[in-house]
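Residue-level listing of the chains:
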Amino acid sequence: EEPSRWPLEKNEYKRYGRQLIMPEVGLQGQLRLKKARILVVGVGGLGCPAAAYLVGAGVGTLGLVDDDVVEESNLHRQILHSTARVGMTKVQSAMVALNSLNPNVKLLPHISRLTPDTAISTFKDYDLVLDCTDTPTSRYLISDTCVLLRKTLVSASALRIDGQLMVLNNPPSPPGDTTGGPCYRCVFPKPPPPESVVSCGDGGILGPVVGVMGILQALEAIKVLTQTPAASSVDPPSLILFSAYSNPMFRSVRLRNRKAKCAACSAHATVTPEALESGSLDYVQFCGSVVSNNDAL
Amino acid sequence: EEPSRWPLEKNEYKRYGRQLIMPEVGLQGQLRLKKARILVVGVGGLGCPAAAYLVGAGVGTLGLVDDDVVEESNLHRQILHSTARVGMTKVQSAMVALNSLNPNVKLLPHISRLTPDTAISTFKDYDLVLDCTDTPTSRYLISDTCVLLRKTLVSASALRIDGQLMVLNNPPSPPGDTTGGPCYRCVFPKPPPPESVVSCGDGGILGPVVGVMGILQALEAIKVLTQTPAASSVDPPSLILFSAYSNPMFRSVRLRNRKAKCAACSAHATVTPEALESGSLDYVQFCGSVVSNNDAL
Amino acid sequence: MSNDDTIPITIEFSGGLEILFSNQKKYNLPLPFKDESGEPANVAFLVRHLCDNVMEDPRKELFVLDGTVRPGILVLINEADWELEGEDKYEVQKGDHIMFVSTLHGG
Amino acid sequence: MSNDDTIPITIEFSGGLEILFSNQKKYNLPLPFKDESGEPANVAFLVRHLCDNVMEDPRKELFVLDGTVRPGILVLINEADWELEGEDKYEVQKGDHIMFVSTLHGG
Ligand SMILES: [Zn+2]
Ligand SMILES: [Zn+2]
Chain A
14 EEPSRWPLEK
24 NEYKRYGRQL
34 IMPEVGLQGQ
44 LRLKKARILV
54 VGVGGLGCPA
64 AAYLVGAGVG
74 TLGLVDDDVV
84 EESNLHRQIL
94 HSTARVGMTK
104 VQSAMVALNS
114 LNPNVKLLPH
124 ISRLTPDTAI
134 STFKDYDLVL
144 DCTDTPTSRY
154 LISDTCVLLR
164 KTLVSASALR
174 IDGQLMVLNN
184 PPSPPGDTTG
194 GPCYRCVFPK
204 PPPPESVVSC
214 GDGGILGPVV
224 GVMGILQALE
234 AIKVLTQTPA
244 ASSVDPPSLI
254 LFSAYSNPMF
264 RSVRLRNRKA
274 KCAACSAHAT
284 VTPEALESGS
294 LDYVQFCGSV
304 VSNNDAL
Chain B
14 EEPSRWPLEK
24 NEYKRYGRQL
34 IMPEVGLQGQ
44 LRLKKARILV
54 VGVGGLGCPA
64 AAYLVGAGVG
74 TLGLVDDDVV
84 EESNLHRQIL
94 HSTARVGMTK
104 VQSAMVALNS
114 LNPNVKLLPH
124 ISRLTPDTAI
134 STFKDYDLVL
144 DCTDTPTSRY
154 LISDTCVLLR
164 KTLVSASALR
174 IDGQLMVLNN
184 PPSPPGDTTG
194 GPCYRCVFPK
204 PPPPESVVSC
214 GDGGILGPVV
224 GVMGILQALE
234 AIKVLTQTPA
244 ASSVDPPSLI
254 LFSAYSNPMF
264 RSVRLRNRKA
274 KCAACSAHAT
284 VTPEALESGS
294 LDYVQFCGSV
304 VSNNDAL
Chain C
2 MSNDDTIPIT
12 IEFSGGLEIL
22 FSNQKKYNLP
32 LPFKDESGEP
42 ANVAFLVRHL
52 CDNVMEDPRK
62 ELFVLDGTVR
72 PGILVLINEA
82 DWELEGEDKY
92 EVQKGDHIMF
102 VSTLHGG
Chain D
2 MSNDDTIPIT
12 IEFSGGLEIL
22 FSNQKKYNLP
32 LPFKDESGEP
42 ANVAFLVRHL
52 CDNVMEDPRK
62 ELFVLDGTVR
72 PGILVLINEA
82 DWELEGEDKY
92 EVQKGDHIMF
102 VSTLHGG
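Chains as they are written, first to last, in this note's numbering: chain A, 14 to 310; chain B, 14 to 310; chain C, 2 to 108; chain D, 2 to 108.
Treat the hints loosely; a few may be bogus.
No farther apart than 30 Å at their CA atoms in a straight line, the calculated lysine-lysine pairs in the DSS-like style are these [unchecked claim]:
| hint | chain 1 | residue 1 | chain 2 | residue 2 |
| --- | --- | --- | --- | --- |
| 1 | A | K203 | A | K119 |
| 2 | D | K90 | A | K272 |
| 3 | C | K61 | B | K274 |
These aren't lab readings, by the way, just hints derived from the structure by calculation.
If we strip away everything but chain A, and leave its shape as in the complex, we get:
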């Protein structure tokens, strides 16, 4: 097949026109988006808006990981789902909505819970990962896998009226390379005691709070994906804190760099593909037995 004179289809110029004309995206940025394969882990309160705006922006391929089904108590914040789709898997429900928004995006379903023995094979064909999950266990597993496979990770979380966002492993240098961005274990070397972990089911969550965090994940992903490889000056690692009833509502704080003794991303890493796949890294034991209530935000 002969390469087309026009790098995008005619309807794509129309659909993405409002971002194509911006210097921050441009034709080259749009082509990078189109080539990109993004994985969204968790299709709840964060994953729904994140996926909607990534699909709207025209990423080429979007994978969705979740084994939950839609419940009525999800709908105040999980805006891709619908009352008629209560009982359907969240992945299938989201695919209905995303496909009707933009049929140009290839959607890949992963209807299963992420586990240490599936994580590497699930992640390996994607370019960038969004952590939209809701337990410490999954957060460590996702970060470790991203470090091993050298993928940048956009991680967000929310509870009640608060939210947090970090872009981790950016740039995704190999373990031991101190020019890489910090990973989740650099920031949180030890998991919190289980009794301090509150789920959204127990603590509650305001819809727009988790919605804002999810959209910001899409934004950070788009920023990472569209940047010119030449402009290699990555922003220093930072954490965005959101609190809906505080003034100011948003704060941006500077984070540490890679930790010299990080178990995942340092030269002394004990997290290896073999350790992960052999099951010798027991995330549930590491984090203590926090039982997920099966209700990702």
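Given chain A, work out where chains B, C and D with the ligands should sit, using these hints.
Frame of chain A, contents of chains B, C and D with the ligands only:
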């Protein structure tokens, strides 16, 4: 009909459970939301996410004002619409999506452009207004109408990689009462020169940028609607500035109070219901002839 | 001009105004501490100084109109609306952060 | 204790930690400027001080574990991760803004 022993329906306890258990909302807050009538003016890049999260949260009645139809170039950011609904009015398209998310909310369509002679009759039965429009003309008209009818106004705007958000006329004291919050004219007494006004059609817009601003409008509306009447300490007027490629991305700045000579909300106001409805306030002339490109963000 | 005669301040442009200032959002500026007539530098002088010495875009009317910042630009002095600080009569202090924000209308 | 013996600082709790501190997010605190052994007050001392004198909730283990802030709490000194500032050995300065943020896991 006898008053029910339970103030909410059984399925509402389930649907809104995650916000009901939070002290910031609670049963009283949920009942206030259910009683509330909200008007969203503009069903584009701001109005779509704002309406989605308000409907998710369970406001009683939501009105939608817009006379545009869905175009393909809207879909990267106007996530309530869909490819199959290109050509449908934005109001009808949004109603399909909102109704499938939460059938408990009463949706009221206003498929027309807001004009000085329709503004008062359109607004009068609502409790709170969201300005999700895209021209200076509509922004002055909406603010003036909110001052005259004593409605709080949540106003946002976005362009390219930037966004702005203000809660105006909060509290919505009568014109001349200096305890009221500032209005749009207090902050911007004179309109900008037409040649300085850039539309999203001309300047471009990144989807998640306008998405974040729209969700924050829903959040501010929910905060205003759920507050206990006793807790009358309203936050001082402020402006949130968002810039996707700056560090920090968000800034919160303190705004002036009501302006002693404001044409709309001061004791010397020249904006009156009669002036508005008689057509003596010519917003198009006041703002200069900025021609809308019919593409609300 | 020696450093002793200037006040170090930070200037920031937002909402698209940076387009008029060589697409640079942030300037660390040494502002002369006296204006043309020997009075302490205030925001009115700062605006003239920016217009004459920093702005390269010839469309001055998109920044200044009738001797002050044009309608539709908010001036923020240390994260507060300049109306709270005395508007253009505010005397610039060392280390001040002064921001010019163009109102956006898109939505 | 006279005011001269204390350092005025601002403490803030976020991410739900405020629940352990009488649901108050922000404290303007006078911190003794010497610790128990006469050394300049550092963040380790501040944490002990908060635990002993400010925290009313009996579940101390949700804030402190093994003599330091428990895992899952980020300490921010003037909007920077405390790792960049020397962790609990950082000597508290007048006007410092020190924030304790509980990690959230919901999503
Ligand atoms: Zn690490
Ligand atoms: Zn006013």
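Do the hints match the structure? See the list:
Restraint check: the Cα-Cα separation between K203 of chain A and K119 of chain A comes to about 37 Å, which exceeds 30 Å; the hinted pair is violated. Taking the CA atoms of K90 of chain D and K272 of chain A, the gap is about 18 Å. The hint holds against a cut of 30 Å. Only pairs whose Cα atoms come within 30 Å are accepted, and K61 of chain C paired with K274 of chain B is accepted, the gap being roughly 28 Å.
Of the numbered hints listed earlier, the single one contradicted by the structure is hint 1.
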